[in-house]
Amino acid sequence: MKHGDAPQDDSSTLEGQKKPLYVVNSDGVYTTELSSGWEAEEVVLDLAINQFQHQCQQARLRVEQGKTAPLEYHMYQRRMDITVLAQSTGFFKFQVKRHLQPAIFSKLSVKKLARYQQALGMTSVELQTLPLDEQQP
Amino acid sequence: MTAIEFDHQQTAHCESGAMSALLRHSGLNLSEPMVFGIAGALTFASIPLVKIGGMPMIAYRMPPGRVIKGLASRLGITMKFERFRDNDRGMQALDDHLDQGRPVGLQASVYWLPYFPKDMQFHFNAHNLVAYGRQQSDYLISDPTFEAPVRSNYQALQQARFVKGLLAPKGLIYYPTRIPAEIDLPKAIRRAIRSTTNMMLRTPLPFIGVRGIRSVAERIRAMGNHRQAQQDQNQLVIGHMIRMQEEIGTGGAGFRFIYASFLQEAAGLFDNPKLEGTSRKFTDVGDEWRRFALFSAKMLKGRMAFDYAQLADQLTLIAEMEADSYKSLREAI
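Protein chains in written order, with this note's numbering: chain A, 305 to 441; chain B, 626 to 958.
The hints are simulated quantities; they were obtained by calculation from the structure and are not laboratory data.
Built from N, CA and C at the ideal position, the CB exists for glycine as well.
Treat each hint with caution, since some may be false.
Take a look, some chain B residues computed to stay more than 10 Å from chain A by CB distance [stated by the list, open to error]:
#1 630
#2 635
#3 678
#4 748
#5 795
#6 810
#7 813
#8 831
#9 948
Derived list of chain B stretches under chain A, where covered just means 3 residues or more per stretch with a C-beta under 8 Å from a C-beta of chain A [as the list claims (entries may be wrong)]:
#10 697-705
#11 712-725
#12 764-775
#13 914-926
Could you build all of it, start to finish, from the sequences and the hints given here?
The following block contains the structure:
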């Protein structure tokens, strides 16, 4: 990439931050140039974030229908999935899947709840309820 | 309150940036590309069975930690690594270092660092940054990803340093304890280049190096024949591949530009025009990687018909060019 070609697409995802790219100047010498973002990169980032948003909305509906515990909503809201949540709590995946059942979740011991609170960074009340407003993951 | 004079510099990649900053503070000036290149950090690896965040593992650089350890071993630098089981002790140890006037490298999760833009916060646990002071309840941080120094409060930094899971940082603190007075840079560079070319050309596994790129090309070609229900997932996988290639800290194009810059600097040091020529080859390879990203993004956005064969052809071209680049690199050194 040549100096002057660093994309300046003002990605909203960077929130005004700029990042340096290695580019070649007119003498063929490497230097850096700040980029305000690249649209191609923004497209794939949006794709990943939309995926979490979609999962979050679906989880909210299922919680309201009593089909799953609020834990599932919070998991996606924190941009996790069952694998990541299991890894960050130290539970096995099958345990996390069990805990997502409302009847089992409501009977979780304080100790087990605390592991979810720690991993998700929320209080026990927050963990056991749905937030009133939709929160962006 | 403690504040150490620390020269913050923004770099393209966090680990080479943090390492370069720590060494500069100790009096050894190495550019970020030099750090990256000598560490032998460039690679290509794609292991579909290993999933990260539900996505097949794909990497354009060696696993986290390799830059620090690779560079230290090639230059004979002694690094100290401290990990902690207990969060509070890990935070106390950090405070002690800062009180003694020693900036230290930290490993942390991007997700919990409060100064990261929301859209960049993912569960990546191997981000690198340098802590260089405390002010009231805030830690002063030189994060190589950012233009200016940043801050984090105690709670957030603790959460970020002690997340569990894949690549869990376990509160990792690192800093150089001994830097040799005499460093044989040319020798280290030769060894580093040989090890990178060996890995890229000769690894007898189908998912590493140039063979890895070819096998991804074939997997993408095969996606064209998958049934419709599979297409959403396929597109997420391609999106993921581009993210790994371009997201913060690659210097653009999956680290190929930063490597080209390293080769150019090395060429100057050796006064070796052949090496300079290979630097240009890597620049061209990087440009082709960016073209691959651009095509993919257009297809994902629906501005171009989704054509798996075209993406596969582009990747095959990249594999050819990479193979050629590593071969001339072997001859040049």
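Structure-based check of all given hints:
1. Every Cβ of chain A is farther than 10 Å from the Cβ of residue 630 of chain B; the closest lies at roughly 23 Å, confirming the non-interface assignment.
2. With a least beta-carbon separation of about 6 Å from chain A, residue 635 of chain B fails to lie farther than 10 Å from that chain, contradicting its non-interface assignment.
3. At roughly 6 Å from the closest C-beta of chain A, the C-beta of residue 678 of chain B falls inside 10 Å, breaking its exclusion from the interface.
4. The beta carbon of residue 748 of chain B is not kept farther than 10 Å from every beta carbon of chain A, the shortest such distance being approximately 5 Å.
5. Separation of residue 795 of chain B from chain A is adequate, the least Cβ-Cβ distance of about 13 Å exceeding the 10 Å criterion.
6. No Cβ of chain A comes within 10 Å of the Cβ of residue 810 of chain B; the nearest lies about 18 Å off, and the non-interface call holds.
7. The beta carbon of residue 813 of chain B is kept farther than 10 Å from every beta carbon of chain A, the shortest such distance being approximately 20 Å.
8. Under the 10 Å C-beta cut-off, the non-interface status given to residue 831 of chain B relative to chain A holds; the minimum distance is some 25 Å.
9. The non-interface label for residue 948 of chain B is consistent with chain A: the shortest C-beta to C-beta separation is roughly 22 Å, beyond 10 Å.
10. Coverage of the region 697-705 of chain B by chain A is violated [criterion: at least 3 residues with CB-CB distance below 8 Å; count 0].
11. Only residues whose beta carbon comes within less than 8 Å of a beta carbon in chain A count, and the region 712-725 of chain B has 0; fewer than three means the coverage is violated.
12. Counting residues of the region 764-775 of chain B whose CB falls under 8 Å from any CB of chain A gives 3; the rule of at least 3 is met.
13. Only residues whose C-beta sits within less than 8 Å of a C-beta in chain A count toward coverage, and the region 914-926 of chain B has 8 of them, enough to reach three; the restraint holds.
In this structure, the earlier hints numbered 2, 3, 4, 10, 11 are contradicted, and the remaining ones agree with it.
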